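Residue numbers (the working numbering), protein chains in the order written: chain F, 1 to 142; chain X, 1 to 142; chain U, 1 to 142; chain Y, 1 to 142.
Just so you know, the hints here were simulated from the structure itself, not pulled from any lab data.
Predicted model only: the values in this text are computed from it and were never measured.
Among these hints, one or two may not hold up.
Because identical chains cannot be distinguished in the list, a pair is counted as satisfied if it fits within a single copy or across any two copies.
[What the hints assert, rightly or not] As a list, the in silico SDA-like pairs of lysine to any residue whose alpha-carbon atoms are at most 20 angstroms apart: (1) Lys73 x Ile9; (2) Lys51 x Arg95; (3) Lys51 x Asp37; (4) Lys4 x Val107; (5) Lys51 x Ala38; (6) Lys73 x Glu130.
Protein chains: 4
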Amino acid sequence: MLTKLSIDITQAEDVIAAATRRATEMGVPQNIAIVDDAGHLVAFRRMDGAKFFSIDIAITKAFAAAGARKATKDIGPATQPGAPAFGAQALLNGRFTTLPGGIPLVVNGAVIGAVGVSSGSVGEDQTVAEAAADYFLQTYAH
Amino acid sequence: MLTKLSIDITQAEDVIAAATRRATEMGVPQNIAIVDDAGHLVAFRRMDGAKFFSIDIAITKAFAAAGARKATKDIGPATQPGAPAFGAQALLNGRFTTLPGGIPLVVNGAVIGAVGVSSGSVGEDQTVAEAAADYFLQTYAH
Amino acid sequence: MLTKLSIDITQAEDVIAAATRRATEMGVPQNIAIVDDAGHLVAFRRMDGAKFFSIDIAITKAFAAAGARKATKDIGPATQPGAPAFGAQALLNGRFTTLPGGIPLVVNGAVIGAVGVSSGSVGEDQTVAEAAADYFLQTYAH
Amino acid sequence: MLTKLSIDITQAEDVIAAATRRATEMGVPQNIAIVDDAGHLVAFRRMDGAKFFSIDIAITKAFAAAGARKATKDIGPATQPGAPAFGAQALLNGRFTTLPGGIPLVVNGAVIGAVGVSSGSVGEDQTVAEAAADYFLQTYAH
Chain F
1 MLTKLSIDIT QAEDVIAAAT RRATEMGVPQ NIAIVDDAGH LVAFRRMDGA
51 KFFSIDIAIT KAFAAAGARK ATKDIGPATQ PGAPAFGAQA LLNGRFTTLP
101 GGIPLVVNGA VIGAVGVSSG SVGEDQTVAE AAADYFLQTY AH
Chain X
1 MLTKLSIDIT QAEDVIAAAT RRATEMGVPQ NIAIVDDAGH LVAFRRMDGA
51 KFFSIDIAIT KAFAAAGARK ATKDIGPATQ PGAPAFGAQA LLNGRFTTLP
101 GGIPLVVNGA VIGAVGVSSG SVGEDQTVAE AAADYFLQTY AH
Chain U
1 MLTKLSIDIT QAEDVIAAAT RRATEMGVPQ NIAIVDDAGH LVAFRRMDGA
51 KFFSIDIAIT KAFAAAGARK ATKDIGPATQ PGAPAFGAQA LLNGRFTTLP
101 GGIPLVVNGA VIGAVGVSSG SVGEDQTVAE AAADYFLQTY AH
Chain Y
1 MLTKLSIDIT QAEDVIAAAT RRATEMGVPQ NIAIVDDAGH LVAFRRMDGA
51 KFFSIDIAIT KAFAAAGARK ATKDIGPATQ PGAPAFGAQA LLNGRFTTLP
101 GGIPLVVNGA VIGAVGVSSG SVGEDQTVAE AAADYFLQTY AH
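This is chain F alone, in the form it adopts within the complex (with noise of 0.2 angstroms):
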């Protein structure tokens, strides 16, 4: 049998909170997605002005960042034309994604969930998606 460690709803909503803080830093309302460590919507804000384009993108991010246990900026060179993932996009229905702003949430080794921020540039994304998971560790991952 097996035990698996994944986020729950305070943990999640925490980390959105945190997310949230350093968007309203930045000026950029955004989408806030955080799933558990099989993949699934824990937790969602859309913060009132982020684009409705964007909140699957948000929850995709999150997918694939939990799945593929790698921020989904780190999973994007290796399917670069040329690369051997290239095309990869294309897999999972689109869930396949590796756009900036997906961030595996880590306890000791273990994927338990992950955050995936989307409205703004990927940069913004990204930093917040990071400003979520930095929180996560120092909060509950020490």
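Given chain F's structure and the hints, the job is docking chains X, U and Y onto it.
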């Protein structure tokens, strides 16, 4: 130009909190989704222990209630065998749901969003959705 | 080689105008779609206030009426429990609809397109679709 | 509560007429779609002779322009090989398009809808979309 009213994130999370209180009283963890007037997700909470199977169902119930401008349970009768809308559940790639648990949030006759609840029995889901809609009505729509 | 007759854009928008007049008389804003003989969209109008939920349903009704070469409401009986086409609504990724409100547009026995109407009750949708089809018959098919 | 502005049907068909005039001058029949601020279809015209293949592409271009709040052609560069959003076209079940021909319609900084044009070359599509957006700007946004 049209002017539309839509639920904001503060209201959405406030309604989710009301739904959570009712679900907690009942001892049934729930997935709770809020969509805006256009059917787009605004906020989502999966209470610890709620079924992953019901995540998308909760979101779909909210979508259908906002879209049909009526409680999902009230769409159902017209889709029964012999009734004119029989088979309508196959529409919209399965987003035309008549499962109880989706209720529009209305201000002065305008649907500004909807709540969807799923993880318990359909009766439990409906009870929690009603608690959420009642809370919204008393808090924001008078 | 086959020669096909198909509705043109002038006729399509003329039929939409007729449907709009009827819907306006009834006080029920509607989504109104016209497809051609091949089931492809030619023209679409969402009257202000019509449900976003019913956009694709209107298009689907027109598609099904053109495809089945009969009014969608007349496809329904054969799909009832116990009837031979039971469950047919699941075909074609949900585009096999039997909801009232789709009617073929016919010239000399040939289906050259269809109208689909959705946003009101199924009775209201059917009434507007009939007004559209009647207008077409009187204007273009004698 | 949020207040949103959205294009109405009169404006939408007016913009389609402007696009049609430009397409007619160019001798290239087009599919022309208008979506609202939430990405939902408001009006659509397929000029006689426009490709059936491009119906959904026109609608998708409008959806993406409204959603991303920028012209679809301006989303493209970040998705090129080596750029951070490479592969983004696989997102949203293919509704994340970067094909030129989609432009948001903006009033006082708010995206109230978008136009999408498809059936010609991408250059022709873009030219017609620009004519539509320019018309909107001069007529409704000053």
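Structure-based check of each hint:
1. For a Cα distance limit of 20 angstroms, the shortest separation of Lys73 from Ile9 qualifies neither inside one copy, at 26 angstroms, nor across copies, at 28 angstroms.
2. In this homomeric assembly, Lys51 and Arg95 come within 20 angstroms of each other (Cα to Cα) both inside a single copy, at 19 angstroms, and across copies, at 14 angstroms.
3. Taking the closest pair of Cα atoms, Lys51 and Asp37 come within 20 angstroms of each other only across two copies (10 angstroms); inside a single copy the shortest separation is 26 angstroms, beyond that limit.
4. Within a single copy, Lys4 and Val107 get their C-alpha atoms as close as 11 angstroms, and across copies as close as 15 angstroms, so both meet the 20 angstroms cut-off.
5. In the homo-oligomer, the alpha carbons of Lys51 and Ala38 lie at most 20 angstroms apart only across protomers (9 angstroms), although the nearest pairing inside one protomer, at 26 angstroms, exceeds that limit.
6. Within a single copy, Lys73 and Glu130 get their C-alpha atoms as close as 11 angstroms, which meets the 20 angstroms cut-off; across copies the closest is 29 angstroms, which misses it.
Consistency note: the structure conflicts with earlier hint 1 alone.
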